[in-house]
Amino acid sequence: MNNNEREALIAAFNELLAAERAGAQVAAASLKEVQSEAQRSVLQQIHRGEADSCRRLRDCLLQMGAEPTRERGAFYEKCMAIPDLVERLKLVDRGQQWVIRKLEALLPQLGDPRLREEMEAVLVTHRDNSHDYAARAGLL
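So the number in our numbering is just where the residue sits in the sequence shown, counting from 1, plus 11.
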């Protein structure tokens, strides 16, 4: 991997890390507003997945010798501006889909087996979360 490719990968990982941090914080804040067990279950699952994804991205950045961002993505403000929790959850799922698309584009560029393994795990988490949200959407 040349220096330009490395810098682009670091930027992509930091962008994802900021987005994951925002998602984790949205899920945590939204848990205070749940009105059903279905909402609680979905938000807890999302929170666990986002927190785990943050850890994985941070570890990958450190492995690359890069400084992980401490920023929170603008997604947090966008989500929390939606007062209706059901509508907010729809946007959270669109965020899951965004991460899926980003990772699907990024994975072919990853030659390092550890980075690839970590990002594949993040991808599976987001696919599972989105699938589970879709399966429960009518119950929320």
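Hint data in this document are derived by calculation from the structure and do not stem from the laboratory.
All C-beta atoms in this analysis are idealised placements derived from N, C-alpha and C, irrespective of residue type, glycine included.
Be aware that a few hints might be false.
[What the hints assert, rightly or not] Okay, derived cross-link-like pairs now, EDC-like style, lysine to aspartate or glutamate, Cα gap no bigger than 20 Å in a straight line:
hint, residue 1, residue 2
1, 113, 44
2, 43, 123
3, 113, 128
4, 101, 48
5, 43, 82
6, 89, 26
7, 101, 82
8, 89, 131
9, 113, 18
10, 43, 104
11, 113, 123
12, 89, 48
13, 89, 70
14, 101, 143
15, 43, 98
16, 101, 131
17, 113, 129
18, 113, 139
19, 89, 44
20, 101, 44
21, 113, 48
22, 113, 98
23, 113, 16
[Stated by the list, open to error] Distance windows between CB atoms, simulated:
hint, residue 1, residue 2, range
24, 19, 105, 22 to 32 Å
25, 51, 124, 33 to 43 Å
26, 66, 97, 24 to 34 Å
27, 12, 49, 35 to 45 Å
28, 82, 42, 16 to 26 Å
Quick rundown of the hints versus the structure:
Taking the CA atoms of residue 113 and residue 44, the gap is about 30 Å. The hint is violated against a cut of 20 Å. Taken as a hint, the residue 43 and residue 123 pair is broken in the structure, with Cα atoms around 40 Å apart against an allowance of 20 Å. With a CA separation close to 15 Å, the supplied pair residue 113 and residue 128 stays within the 20 Å bound. At roughly 17 Å between alpha-carbon atoms, residue 101 and residue 48 fall within 20 Å of each other, so this suggested pair holds.
Between residue 43 and residue 82 the alpha-carbon distance is near 23 Å, which puts this suggested pair outside the 20 Å criterion. Restraint check: the Cα-Cα separation between residue 89 and residue 26 comes to about 16 Å, which is no more than 20 Å; the hinted pair holds. Note on residue 101 and residue 82: the hinted pairing is violated, with a Cα-Cα distance of about 23 Å set against a maximum of 20 Å. With a CA separation close to 27 Å, the supplied pair residue 89 and residue 131 exceeds the 20 Å bound.
Of the supplied pair hints, the one linking residue 113 and residue 18 holds, its CA atoms being roughly 16 Å apart against a limit of 20 Å. Pair hint residue 43 plus residue 104 holds up; C-alpha atoms about 18 Å apart against a cutoff of 20 Å. In summary, the hint linking residue 113 to residue 123 is supported, as the alpha carbons are separated by about 18 Å, within the 20 Å threshold. Proposed proximity of residue 89 and residue 48 is contradicted: the alpha carbons are some 24 Å apart, above 20 Å.
Only pairs whose Cα atoms come within 20 Å are accepted, and residue 89 paired with residue 70 is rejected, the gap being roughly 27 Å. About 12 Å separates the Cα atoms of residue 101 and residue 143, which keeps this hinted pair within 20 Å; it holds. A threshold of 20 Å between alpha carbons decides the hint, and for residue 43 with residue 98 the separation of about 16 Å falls inside it, so the pair holds. A threshold of 20 Å between alpha carbons decides the hint, and for residue 101 with residue 131 the separation of about 24 Å lies outside it, so the pair is violated.
A hinted pair counts as satisfied when its Cα atoms are at most 20 Å apart, and residue 113 with residue 129 qualifies at roughly 14 Å. This hinted pair checks out: residue 113 and residue 139 have alpha carbons roughly 16 Å apart, not beyond 20 Å. At roughly 17 Å between alpha-carbon atoms, residue 89 and residue 44 fall within 20 Å of each other, so this suggested pair holds. Under the criterion of a C-alpha separation no larger than 20 Å, the hint pairing residue 101 with residue 44 is consistent with the structure, at around 15 Å.
Only pairs whose Cα atoms come within 20 Å are accepted, and residue 113 paired with residue 48 is rejected, the gap being roughly 31 Å. Using a Cα cut-off of 20 Å, the hinted pair residue 113 and residue 98 is violated, with the two alpha carbons roughly 23 Å apart. Our distance criterion of 20 Å between C-alpha atoms is met by residue 113 and residue 16, whose separation comes to about 16 Å. The beta-carbon spacing between residue 19 and residue 105, approximately 25 Å, falls within the hinted interval of 22 to 32 Å.
The given range of 33 to 43 Å is respected by residue 51 and residue 124, whose C-beta atoms sit roughly 37 Å from each other. For residue 66 and residue 97, the hinted distance range of 24 to 34 Å is satisfied, since their beta carbons lie about 29 Å from each other. For residue 12 paired with residue 49, a C-beta distance near 44 Å keeps the hint of 35 to 45 Å intact. The beta-carbon spacing between residue 82 and residue 42, approximately 23 Å, falls within the hinted interval of 16 to 26 Å.
The structure fails to meet hints 1, 2, 5, 7, 8, 12, 13, 16, 21 and 22 from the earlier list, while all remaining hints are met.
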